[in-house]
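Here is what each chain is made of, one letter per residue.
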Amino acid sequence: MFDVFPPVLVYLLGAVLLPLLPNAALRAGLSLLVPVIGGWLIWTLPEGNHAVVSLAGLDLTLIRNDKLASVFALIFSLAAFLSLLYAWHVRDRVQQTATLLYAGSAIGAVFAGDLISLFLFWEGTAIASVFLIWARGTEGAYHTGLRYLLIQVTSGVILLAGAALYWRETGSLAFEHMTLGSAATWLIFLAIGIKCGFPLLNNWLADAYPVATVTGTVILSAFTTKLAIYALARGFAGTELLIWIGVGMVLITVVQAMIENDLRRVLAYSLNNQLGFMVVGIGIGTELALNGAASHAVASVLYKAVLLMAVGAVLFRTGTAKASDLGGLYRTMPLTALFALVGSASIAAMPLFSGFVTKSLILSAAQHEHHYIAWAVLLFGSAAAVMHTAIRIPYAAFFGPDSGLRPHEAPAHMLLAMGLTAAFCVAIGVYPKALYALLPYAVDYKSYTTYHVVQQLQLVAFAALVFAVMMRAGLYPKSERSIVLDTDWVYRRLLPRVVGALSATMGAVWALVASAQERWLRGIILRLYRTHGPASRIALNWPTGSMVQWVAIVLGITLIVTFLS
Amino acid sequence: MATEVLPHTAMTLHDHLPMLQILVPFFAAPLIVFLGSRRLAWPVAFAASVISLVISWMLLMQVIDGGVITYHIGGWEPPLGIEYRIDAANAFVLFLVSAVSVVVLPFAKTSVADEVAARDHTLFYAAYLLCFSGLMGVAITGDAFNVFVFLEISSLSTYVLIASGAARDKRALTAAYDYLIMGTIGATFFVIGIGFLYMATGTLNMADLADRIGTQGGNRTVEAGFAFILVGVGLKLAFYPMHLWLPNAYTFAPSAISAFLAATATKVAVYVLLRFTFTVFSPAFQFEVLTLQFVIMPFALLAMFAASFVAVFQSDFKRMLAYSSIAQIGYMLLGICLLTETGLTAAIVHLFNHGITKAALFMAVGAYVLRNKDTFYNDICGMGRKMPWTSAAVVISGLSLIGVPGTAGFVSKWVLVQGALEKGWWPIATLVVASSLLAVVYVWRVIEVLYLQPARSDSTATEVPMSMLVPIWIAAIACIWFGIDTDTTLTAARSAAAGLLGTAGQ
Amino acid sequence: MEHDQTDARKEAPENQGPGASRMIVGLALVCAVLFLADFAYEKHVYVPVESMPGFYAIFPLVTCLALVIVARVLQAVLRRPVGYYAPKDVETEAYPEDGLNRERADV
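Line order of the protein sequences matches chains Y, V and W. Just so we're aligned: the first sequence equals residues 0 to 564 in numbering that gives the first Met the number 0. Just so we're aligned: the second sequence equals residues 0 to 505 in numbering that gives the first Met the number 0. Just so we're aligned: the third sequence equals residues 0 to 106 in numbering that gives the first Met the number 0.
Calculated from the structure, these hints are not laboratory results. Keep in mind that this is a model prediction, so the values were computed, not measured. You can trust all of the hints, since none of them are fake.
Label pairs and their computed distance ranges (CB to CB): (1) V/74 x Y/544: 44 to 50 Å; (2) V/455 x Y/544: 36 to 42 Å; (3) V/469 x Y/524: 39 to 45 Å.
Derived coverage of chain Y by chain V (criterion: at least 3 residues anywhere in the stretch with Cβ under 8 Å from a Cβ of chain V; other residues may be distant): (4) 530–536; (5) 539–548.
Keeping only pairs whose Cα atoms sit at most 20 Å apart, straight-line, the calculated DMTMM-like set for lysine to aspartate or glutamate is: (6) V/385 x V/447; (7) Y/66 x Y/443; (8) V/169 x V/315; (9) Y/432 x Y/286; (10) V/385 x V/373; (11) W/87 x Y/487; (12) Y/445 x W/49; (13) W/87 x Y/485; (14) V/385 x V/315; (15) V/169 x V/113; (16) V/385 x V/462; (17) Y/66 x Y/175; (18) V/372 x V/457; (19) W/87 x Y/138; (20) Y/445 x W/41; (21) W/42 x Y/368; (22) V/169 x V/119; (23) Y/432 x Y/65.
Glycine residues also receive a C-beta, built at the ideal position from the N, C-alpha and C atoms.
The shape of chain Y in the complex, shown without the other chains (with noise of 0.2 Å):
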């Protein structure tokens, strides 16, 4: 049926199968199979468009591999295995079996050729992945996944709308660069947006991610947010609208991440400030931009990854992580603190590290390119997510005062998670040519320069400088046990509220209205259950007669319309 096997399948056989297995283990073990074959299947697979299906007169290309689409595909293969490793302890079958199709669907998506296909890959990453919240079994979480849902599969009906039009505009369905300029590329580019957590559509993503299990959350953190980025960079890129949206999200969220006191929505909102970067890089358009959108996104799963895996260490191991309750826990988990260490050093762009040679490929493009403006907003994120994820994690969590908790240190196979994780942070700021390989354009970029190390190290020390005297004079903000309101309040709080207000001044007449319509439904009902009811003249059985009786009007009738004619 396929020229070439989809990884996508591969995935999708693990989670049939994967419920079927009686023992937790023995479905750990499958689910973390799945990433490597699928992975060495994407590693092999040709260049070029395969797996082409005729779906109701529509041919659909289920693979179209470049390097753009590998380099996203083996980003969340990886992601995907270190996540299930992560995962490894989980016994709920669900939980495992919506990891795997959520991956798969990323997959099937980055691969996918035609906007159909991608609009079925997306639409099944939104379902899979609410699963991954729904997890947590409480009720705030249930109404949070409903938001969420809502909020993920409207994307994708704004996409399938918008690959309709596009449709009917072009008379093709291949996904290929698009122009805004009509309905339908402005509807794909809207769809695309809500994923990517363009500013004011992106409060779906603070507002969810924190909420999903321990191992939820690492999950979520990789697939979502990149394939829109994948999308941006097959779709959009070189629209120079996008630049400013990336600068509106860079800014709009580091305050956010900067006050916020769940450290797994600070992860959350530093994680939509890192996009940010990418969308820029895609505005900009050049092959070094693209390049360093691409190697950012891998980049940032695996440094977001490591954070968040920290994190959630130390929320299974004490049942919080709100930086207002935790502290000094470097003592009884040494080994999560300096993971977490690796992390925050990758996403502070320290030399060595990954984020030093993927970060640096998108300010040099804006500096080339003379987006000034850009590349100091950029400039100021950089510094910013110093204070705010690299130092400010580690100090919340691990070094600040004393909490007085002692948790164990995580179990082996999270620590193993970490460690990978941590590994290939490292490898890739060390080794950056490995990364530069795979990437969809040649990379003739040193970043190694005396130059680019020493304002960076500088960059990092100063912003560290700021927050410790910040801090030590008691001005920085502080963490408290409390929320702070993101523009999700608008769903959240004043549409209930002026709803509500409506429908109380509505109330009196709303009643009144109410009463006469049940009442009036209820008599419609049961008049109709009087005339078609079982014990009714129409469904009851006729007498022979009566019924001959019918045939002869209606012949009389019909002789009559026929004669009159």
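Fit chains V and W to the given chain Y structure using the hints.
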């Protein structure tokens, strides 16, 4: 009239296919009686059905592109001799009837053993084959009087088949009696109508009739003939308000027979109506257009709602399905009343899609009867867990009955709505959609009973054997298959509709 | 607005221990060295402002200070009690222990 048709001369088996289509089941019936063996009855019936299916497929493939096969029985030239005349429309019906028979028979083996007294089995299958060959004959023949003969063959055997449900419920006897009276009146009216036509034209061959009526135009005799034929056929297809025989007949007949009749008998009657309104008569006649639009259409709309409401309030699954059938026939009649190619396509496609849907549902009813003795909602509650495969098939075919996208039922309703909109009759289109909502209600009631209510504590029901499950699922999967692969059915139906209208246009 | 001040207090200067002061001094020294390093090599600048000595030191210093101040102001505006969105929110719920499978993780 259709193209130049060469007189029949060839003698290969292939050329005798139209004749074999009828003869095989027709002679298999007495064969069963002569053999007199209870063990051999079913295999003979099944073999005859399979052969019929193969033949009907070969015929369908020959005419699907708009061709016509004529066959002169005994070499006698029409209008003197009897002519079998096959075009896309009736090849489609032949295929539906024989396919349903092949699917239902394996199911019937277990179901009939449970519901019909053992000593009647030989005669039961003989009657079944007679009914089957009668229905096939109605569809295949090109001679008006021959239609009546085959109609009577199928009707008489149907009365027997329905009465054989008496082993389970004695009321099957009164149901069969009522149907006998009504069916006989219908057949009488039909033959009176043909008599009028013969008076007016002096011929019984349909093609000839069409020619002569076309040239001499309408007169009182022809008009009276039309009215009598319409009412006679209307009785057979349970045209509201002449449907009163149907609920009892379907409810008390053995389940396999309900499945077979629901999927074929009314559909063949619809075909006869199509043949007479479009081939013999034509919409060129003012009286026909008026009758369709002022008599048939209001009643069709009424059927869609009244029968659906009755179905909503039923408490017996099988009876509910019977009323739903009456409502669904309303859709087919509505499609015919549109008098456009799209409308006719909708009617023909719905004839097929509703056939497979109802076959699946009535077979599921048979499965519930086998395990629970009855199909009142009180008896089958909680079966979603006890009989998961049967109930899942009910859900699938129930969705098709509603017309959910992705199922066969959707395709036909979609085309019907399109047909209504094409003519600018959007209130009619709205009514079609609105009545589908009623289908949601009555299907949901069943699903709720099956899945959301606990099983009765004394229930010992288990899943039915494979011999029943496989036919049920073949029909259920067909509901999905023809909901996705819409090309096959739509092409055939469109070709049939074009054939009917094209003939009428000349 | 009510806030739990006990946890905020642990970040107060007097509770951060003597190590903190020494660390800040050390950090300041590192910063000074890095600032001076700017004069020791040739820069390849794309943006004119980069040629300013210590640009990469001054820029984060200024912007981060500004950010801290903005964040403090916004924190005062945007901060709400934990139960603000309750009951349909996770903030007031304890993390469900039974889903963690801790016992299995350590074997």
